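Enquirer: Please put together the full structure from these sequences, using the hints given.
Protein chains: 2
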Amino acid sequence: MEVLKQRIITDGRIEKGDILKVDSFLNHQIDIELFNEIGKEFKKLYQHHDITKILTIEASGIGIACIAAQYFHVPVVFAKKTESLNLDENTFNSKVYSYTKQKSYEIIVSKRYIQKEDRVLIIDDFLANGKAALGLRDIVIQAGASLEGIGIVIEKTFQPGGELLRQQGIRVDSLAKVKAMENGRVIFKN
Amino acid sequence: MEVLKQRIITDGRIEKGDILKVDSFLNHQIDIELFNEIGKEFKKLYQHHDITKILTIEASGIGIACIAAQYFHVPVVFAKKTESLNLDENTFNSKVYSYTKQKSYEIIVSKRYIQKEDRVLIIDDFLANGKAALGLRDIVIQAGASLEGIGIVIEKTFQPGGELLRQQGIRVDSLAKVKAMENGRVIFKN
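Heads up: the protein sequence lines correspond to chains H and W, in order.
Under the working numbering, think of the first position of the first sequence as 75, with each following residue one higher.
Under the working numbering, think of the first position of the second sequence as 75, with each following residue one higher.
Don't take every hint at face value.
Since the list gives no way to pick out one identical chain from another, each pair is judged satisfied if it fits inside one copy or across any two copies.
[As the list claims (entries may be wrong)] Calculated cross-link-like contacts (lysine-lysine; reagent style DSS-like; alpha-carbon spacing at most 25 angstroms):
#1 Lys-155 / Lys-177
#2 Lys-95 / Lys-253
#3 Lys-190 / Lys-155
#4 Lys-169 / Lys-90
#5 Lys-175 / Lys-155
#6 Lys-251 / Lys-95
#7 Lys-154 / Lys-118
#8 Lys-90 / Lys-155
#9 Lys-175 / Lys-185
#10 Lys-79 / Lys-251
#11 Lys-175 / Lys-263
#12 Lys-155 / Lys-169
#13 Lys-90 / Lys-175
#14 Lys-95 / Lys-190
Honestly, the hints are just simulated from the structure, not real lab data.
As the structure is a computational prediction, the values presented were derived from the model and not from experiment.
Expert: If you want it as structure tokens, here you go:
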């Protein structure tokens, strides 16, 4: 998605440790007009999939999921994170390991909000190690629903998440694929 | 806001301890069409305020803030929560006490994203004790920006937050004011 790549080049910052910061428009301050373009793009990619629900995870997936949902006319469900083990029998739970925080947390979705008839599109802002996406997929499986695909804004292809998911036959659409950061510049795949 | 009150009556659940659960449309599953009506209402209330930025807090404020921002054509900034003391000199920080979790956490906003020229509307899903709203207001003050008002979806008027904020001269607009839960029914103020 060209407008997104341009925005990453213009406003992304590369910080020490080759960390790409896009918090001026994606995950701290949010550019709503860009999000609308992203939402339209996801709709274009999944227009023939009769999506009934968009699933994301708190916190930074929520904005994109909500704006995108307007083009699908479906509800958003966001998984909640908790550090305590959840034993509520009314929820689907999955364990996710966070490399950033170097610890595991539980993600929770009420059984009320994903049913086996649902055709689910997972949306998230970043794909790196893929642990959050796998946890969300696990919840879709527990619900007996159909996972139609995963829509990602920025995939870091130098981390294993994308490959891991695609190897398992999951459709993953990433609107910008970052291959590397070199000399303070972002290199995209393709 | 009549459509919101009706929705609370229809789909809100009152759980033990007189807790109002609205997670079927507000803070777990999200009804995007309702959010659009809420967004339009906030715009109507603040149309003459030249709002330049919408400020909210993760996680459940983000969806409403993003949908509402479309009517204002301004960016959203969401404060991040952290349990560790943040000493980054590039951020505004404030301490918030959570009655639900019975502990304090820090909220953080990068100094990049609120400037003294900004005219800020704070948006959040719930107002109860008002601690999160006061923390966000503290950050607006630190930035030297103008706080135009606080837009809330559901205020629990039997808790002290709304009064506390209004006593300090802050404009607070709550689209539904819940006065009490009695015999499994929600009683609205006015």
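Enquirer: Work down the list of hints and note, for each, if the structure agrees.
Expert: Do the hints match the structure? See the list:
For the homomeric pair Lys-155 and Lys-177, the shortest alpha-carbon distances inside one copy (12 angstroms) and between copies (17 angstroms) are both at most 25 angstroms. Taking CA atoms no more than 25 angstroms apart as the test, Lys-95 paired with Lys-253 passes inside one copy only; the shortest distance there is 15 angstroms, against 44 angstroms between copies. Taking identical chains as interchangeable, the C-alpha atoms of Lys-190 and Lys-155 lie at most 25 angstroms apart only when both belong to the same chain, with a minimum of 23 angstroms there against 34 angstroms between chains. With identical chains, the CA atoms of Lys-169 and Lys-90 are never at most 25 angstroms apart, being 30 angstroms at best within one copy and 28 angstroms at best between copies.
Proximity of Lys-175 and Lys-155 under a CA criterion of 25 angstroms is satisfied in both settings, with 13 angstroms inside one chain copy and 14 angstroms between copies. Taking CA atoms no more than 25 angstroms apart as the test, Lys-251 paired with Lys-95 passes inside one copy only; the shortest distance there is 15 angstroms, against 39 angstroms between copies. For a Cα distance limit of 25 angstroms, the shortest separation of Lys-154 from Lys-118 qualifies neither inside one copy, at 28 angstroms, nor across copies, at 32 angstroms. Within a single copy, Lys-90 and Lys-155 get their C-alpha atoms only as close as 28 angstroms, which misses the 25 angstroms cut-off; across copies the closest is 23 angstroms, which meets it.
Taking the shortest alpha-carbon separations for Lys-175 and Lys-185, only the inter-copy value of 24 angstroms comes in at or below 25 angstroms, while the best intra-copy value is 28 angstroms. Taking the closest pair of Cα atoms, Lys-79 and Lys-251 come within 25 angstroms of each other only inside a single copy of the chain (9 angstroms); across copies the shortest separation is 44 angstroms, beyond that limit. In this assembly of identical chains, Lys-175 and Lys-263 lie within 25 angstroms of each other by CA distance neither inside one copy nor across copies; the values are 27 angstroms within and 43 angstroms between. With identical chains, the CA atoms of Lys-155 and Lys-169 are at most 25 angstroms apart both within one copy (10 angstroms) and between copies (21 angstroms).
When the C-alpha separation of Lys-90 and Lys-175 is checked against a cutoff of 25 angstroms, the pair qualifies only within one copy, where the shortest distance is 17 angstroms, while the shortest distance between copies is 34 angstroms. Taking the shortest alpha-carbon separations for Lys-95 and Lys-190, only the inter-copy value of 23 angstroms comes in at or below 25 angstroms, while the best intra-copy value is 37 angstroms.
Of the numbered hints listed earlier, those contradicted by the structure are 4, 7 and 11.
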